[in-house]
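Trainee: So the chains spell out like this:
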Amino acid sequence: MTVLVLIEHDRGSLNPASLEALTAARAIDPQIEALTLGAAADGLAGELAANGAAVVHQVHADLLSDYGPEAWGEATAQAVRALKPDAVLACGTERGNEVMAQAAARLDLPMVANCIEFVPGDTWTITRVRWGGSLLEQCTLSATTKLVTVAHHAFEATPSQAAGTVAPLPMTLDPALARTVVADRVERAAGVTLATAPLVVGGGRAVGSAEAFAPLEELAARLGGVVGCSRAVTNNGWRNHTDQVGQTGTRIAPDLYIACGISGAIQHWVGAMASKKILAINTDPEANMVAKADYAVIGDLHKVVPAITAEIIRRRG
Amino acid sequence: MIGAGIVGNCLVGHLARMGWTDMVLLDKGPLPNPGGSTGHASNFIFPTDHNKEMAFLTVDSQNQYIAAGLNNTCGGIEVAREPQRMEEFKRRMTSAKAWGIDARLVTPAEIKELVPFINEEILLGGYYTPSVSVVDSLATGTLMRDEAVAKGVLSVFANTEVMNLLTEPAPGGPRIKAVVTDRGTIEAEHVVVACGVWSPRIAKMAGANIPLTPAVHQMADVGPIDILQQSGKELAYPIIRDMDTFCYERQSSGSMEVGSYAHRPILMRPDDIPSIQASALTPTELPLTYDDFDPQMEQAIELMEMLGDAEIRYAINGLLSLTPDANPVLGETPEVRNLWSAAAVWVKEGPGIAQLVAEWMTYGYPHMCDPHGSDISRFYPHEKTEWHINARCNEHFNKTYGIVHPREQWASQRGMRRSPFYAREEALGATFFDARGWERPQWYSSNEQLFAKFPQAATPRTHEWDARWWNPVTNAEHLQMRESVGVVDLTAFNEFDFEGPGALDFLNYMCVNQVNVPVGRSVYTPLLTPHGGFRGDLTIQRLGEQHFRVITGAFDGGRDHYWFNKYLPTDGSVTFTDRSQGICTVGVWGPNAAATMAKITTDDTTVPFDLSQAGFPYGAVRDVLIDGVPCTMFRISYVGENGWEIYTNMEHGLKVWDAIFAAGEEFEIIPVGIGVYAVTGRIEKGYRLMGAELESEYNPVEAGLARPKVKSADFMGKEAYLKARQEAENGAPAAIMCTLSMDSQQCADGYDRFPTGGNEPILTLDGERIIDAKGRVSRVTTAGAGPSVGKYLLLAYLPPQHAVVGTKLQVMYMNECYPVTVEVAGAQPLFDPTDARMKS
Amino acid sequence: MRVLVCVKRVPAPGAKINITADGQAVDTAYLAFTTSPHEECAVEAAVQLVEQHGGESTVLTLGPAEADEQLRYAASIGVNKAVLLPIATADWDPQRTAAAITAAIRELEAAGGAFDIVLFGNESADSGNFQVGVRVAHALARPMVNGIKGIEVDGAAVRARRDSEAGVEVYALHLPVVLGVKEGINLPRYPTLKGRLASKKVAVEQAVPQGVAGGQQMVTLVQAAEQASTTVMLGNGPEAAPAVVDLLEELGILK
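Chains as they are written, first to last, in the numbering used here: chain A, 1 to 317; chain B, 1 to 840; chain C, 1 to 255.
It is worth saying that the hints were derived from the structure and are not from the lab.
Predicted, not measured: the structure shown is a model, and the values here were computed from it.
For every residue, glycine included, the Cβ atom is placed at its ideal position computed from N, Cα and C.
Among the hints, a few may not be true.
[Unchecked claim] Just some of the chain C residues that point at chain B, by a computed CB distance under 8 Å:
(1) A12
(2) A21
(3) Q24
(4) Y30
(5) A32
(6) R106
(7) K149
(8) V153
(9) N186
(10) Y190
(11) P191
(12) K194
(13) L197
(14) K201
(15) K255
[Said to hold, decoys possible] Label-pair distances were calculated between CB atoms; the ranges are:
(16) P16/A with G152/B: 23 to 31 Å
(17) G152/B with K303/A: 22 to 30 Å
(18) P285/A with P530/B: 53 to 61 Å
(19) G152/B with S134/A: 51 to 59 Å
(20) P406/B with E66/C: 53 to 61 Å
(21) S142/A with E298/B: 27 to 35 Å
(22) E66/C with D271/B: 48 to 56 Å
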């Protein structure tokens, strides 16, 4: 059996998620091969060998000097046609899923995304994640070449030394595919909005007044985030409606949401529940927000928030 | 306390105030909003209610919210699109007057002034209540809960689910023992189910039944709306209730909450409510079914055009609790001792009801007001089935904003209980009214022939409202009974047998009057609450040395059954048998009743039975044969005529009925409806009715039912009763039950009106409400024609200064005042004051 | 400009998703259905594109008859036309779905002219196959980029932005294009009452979906292992501040 792993990189810089795909592939067959697209990735061969790649197929083409979903997908498709592997794995990242989908479309083959378990065979039985992991699906995959992506973080990457024999894979790509190659890269726009902020400090009725939001503002500013609030706050006229997190306000999805004195009424919760992590600061240990949060501090926000800011200043100046 | 909604929270607060010291409050959800109906309630209070109990509890609750500082007064306008709604507003003005609520009728232009964004062109007018408010039910509940916690008498466990309720066997039925939760088991002497829509499921764990169903109330929050945002306030404009579309619009800061009671009834089962985890919002905030709501949107836009451009930001099928008769379900469950229900309560009445239940648990009965309309023991078994609950809730859901007549009859679940006479009654053209499942003839169209004899009885009522669920033939039946003889179907009575060596002492403890009468005699007696108010009234027949039979009415049978069972001795000295299902009853009354019965009544041979007053005096009970059928005759009357209640086994009933009618033919005997029995005949005699004149706020002295002497034996409420007697001796009771007559019934439009007896306020000639020394308002408890006295009569409690024969007062009906005169102060009958007819 | 937006009807679950006893579907007895969140943004984007550039928007779905609700939702916020490809189940496998949508687009274009922009969501909320839009684009031989959080159209030129670890990638495309839209591109508007009522009057066109089963077939759904609610307590009062800052560092919030 030949299992080929598509390696994801950005202009030569390896996406470590690909190592998870290499580890997953080794569970199917210890003899695995890697595929890198673009000359910039040639330098990755050693690391791929250290992670189990017996062969590293390298594709060189001008079109592959930067990322382009169609060019990458076409290159992967051609590699499949040339190498006739039994399976191709990639990591289920944004690019990984996109390239595999492009390749699958070109090969007119099925592609199964975000898998966490494989039972190989003529037909594979696969467990994959749905609903962002809330639900699992068991499915079968029948194809001459099995195209699958591995759910990110489902496998822990472990090194395993293999030969890593470099094998150039010549191919010609249609120049028209340049149409979807990255044309430009720009810095992220300055100034974060509530909807896109990586950090939100939220205040509820317990904040008490418009002025009392100042410590929350300061903490948010120090962490590159913004301040949000509950409906009770806008109802009291303490903050503008644009700051309202919730069902009838903005739905946020920051890396961390610090909810200060917010009970966690559903109206607010549905706006905040997409946050990756939640830290609740509340006097009531039974408060809904505390129960639902990942982390909690029990105490008065008027004392806890300035203390956090002071601690940040102490550590970072 | 299971359930941390408005009820459970306020209950622990009130219980703490009343001295309870070791309480636990559980909820399976998080705090402060565990996910029940309280969490999504619209939280507004329109205080006007025609029902005294609910009006009292609503106003009291609003006062509790005010005391908590969590009542935001914004005013409210009920608006009318249809003419009959304007009539209803007059009735609301009357109820507002009775309960002391500031309210006024407003024109479309005045509505526009208060609510500039309304389309007044489609409105006929409005009913404006300045005190309408929006309350913070979650915060109020939190305050009450925290108060109990601060006193050190309450532990709170949120996120704790009840898995089971444990009971232990005890005399008289199982007793609650413990609550099993997912975090451990709590032993408890008392457990309260305050779980809103989940209450039936929780009660069932102990084998008890809380008859309610979760039902959908649709609500959408739409906004933003400029004019509302610009107000800068949570509530800058009065709440609008668009009564004829069953819809409301309430400002919520910059947006408008639109709620509806117009959609098809959508009922659920408690077990089908999704878990907290599986709910997108909370378990009681289900996704809006838009198709049901669309017509309301169009009507809302018609009323407030700006709503059309507002965004639908939050829209739910919110769950709330409905019960078969739309009243709450309160009190100790009849099935399990010390397991209490505080369910089917809305935010508007939550704190008041919490206090009421707390008093009930603490003092044995509420002090603040009579709870009979909400008493869980009011339900008969057939009324507690899911079938019945759903049938009745399906019927009344769309009456939430409807115009419901005081005499309105149910359409569903009819024919549940029929007497053996039903087929005869039907053939006689009976119009049946429902009495807790029993079909009772209210009047008989066959008696219309009497209009020729009593043309004065045939007068129709001009106003449709007054004539609804009424027929003038009742007056004709009344007159014919008084002139000759009539037969009343009383099968709806309940008969409870108490037997055994302890029966006499037990009943003497339960009753005010002396039960120790000779065998074959009877006693009429009030039952009192521990604080001396009316808990019941009934007659007891002594059938043997150790055998007593209680006769009580259809509407209080369930409550009386519970009350006797609760206090039944646990030593086995008394057995309690409910014989209601096996016994049917007819009343035969009138000057020719004795002559009629004499033709067919014998002893157990063929020897005619002595029906003379001497041989068979008033109040006596005798076993006889009627046309050969074993029967029990009881010489008594609720209509003021000589005659009997006749009891026999159900299977004998039809033969007895036929025998009576055959015997009475020569006297032109007629069937007589409940319209006579319960209203016209009764009111002419000034007889009191439990639930109308007789309520726990009043005592026997005030009702005029105190006997000259008090028995030496102890009885429930005796201390309070003695105190009430003493107060009356020292001066006067705070109120006296009076019979009043209307001097004129003519309304401003020039025709006569007929009050329905729905709490119409009695006013001074200056139009002031009359409040007695205990703060109770004078209002009509029963109203009806007195065909034999030629007057339209009202019963009402009046303070002593007004309770003087000849005093001129007013009654308000449909927002108009009519002159009335006090005819009788006390229990003396207006018709036949010496009761000569009953004893001749 | 002619814009097509393809959406999927999906359940709107709470914190826990229950599955039916046969394991074939999400238990939706008391769940609402919604448009997959990325697609909700795609619908908003379609409406905005037509608001900015004129033209007409169409929404298309492959799904059960009840997916009419999602089409009308799109109509209620301003999409002009709606097409339903009715199927008997909640969904088809991704290859079959793509084939059916491709065929439908060809028919729609034959009848009413080509679509300048076809929008998909980045992936559906429920099945998350990450490929239907890509397959459709390939079949139509149109450029396709997924993960789009910004669209600017200037004549035939389209600049589409997508977030990456490093910053923002810009794709310079030419109409016609197919784009997979990601949540955050906009804040979808809510329907207005009038919009909702008007959407009821939109005629939903129906076409019989064409497509053969692909190589991926669902066997059963499985509940993910229950995650106990574990709130990590960092402490009480101001004394908890160091623990909080440790956390900020650990999460990379405080750099």
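Trainee: Falls inside 51 to 59 Å, the C-beta gap from G152/B to S134/A?
Mentor: Cβ of G152/B to Cβ of S134/A: about 43 Å, so the range 51 to 59 Å is violated.
Trainee: Hold the hint about A12/C up to the distance rule: shortest CB distance to chain B must be less than 8 Å.
Mentor: With a minimum Cβ separation of about 5 Å from chain B (threshold 8 Å), the hint on A12/C holds.
Trainee: Does the interface hint hold: is A32/C within less than 8 Å of chain B, judged Cβ to Cβ?
Mentor: It holds, given that the least Cβ distance between A32/C and chain B is near 3 Å, below 8 Å.
Trainee: Is the gap between the beta carbons of P285/A and P530/B within 53 to 61 Å?
Mentor: 41 Å, violated
Trainee: Go through the hint on N186/C and say holds or violated, using the shortest Cβ distance to chain B against 8 Å.
Mentor: Violated, about 15 Å.
Trainee: Let me know if the C-beta of P191/C comes in closer than 8 Å to any C-beta of chain B, holds or violated.
Mentor: This hint holds: P191/C lies near chain B, its Cβ roughly 6 Å from the closest one there, short of 8 Å.
Trainee: Honestly, do P406/B and E66/C meet the 53 to 61 Å range at C-beta?
Mentor: The hint (53 to 61 Å, Cβ to Cβ) is violated, given that P406/B and E66/C are roughly 45 Å apart.
Trainee: Taking the beta carbons of G152/B and K303/A, is their distance inside 22 to 30 Å?
Mentor: Once the Cβ atoms are compared, 25 Å apart, the range 22 to 30 Å for K303/A and G152/B holds.
Trainee: Does the interface hint hold: is K255/C within less than 8 Å of chain B, judged Cβ to Cβ?
Mentor: 34 Å, violated
Trainee: Go through the hint on A21/C and say holds or violated, using the shortest Cβ distance to chain B against 8 Å.
Mentor: Result: violated, 15 Å to nearest chain B Cβ.
Trainee: Should the hint that Y30/C touches chain B count as held when the rule is a Cβ pair under 8 Å?
Mentor: 5 Å, holds
Trainee: Do the beta carbons of S142/A and E298/B sit within 27 to 35 Å of each other?
Mentor: 53 Å, violated
Taken one by one, the earlier hints fail for this structure at numbers 2, 3, 6, 7, 8, 9, 14, 15, 16, 18, 19, 20, 21, 22, listed in ascending order.
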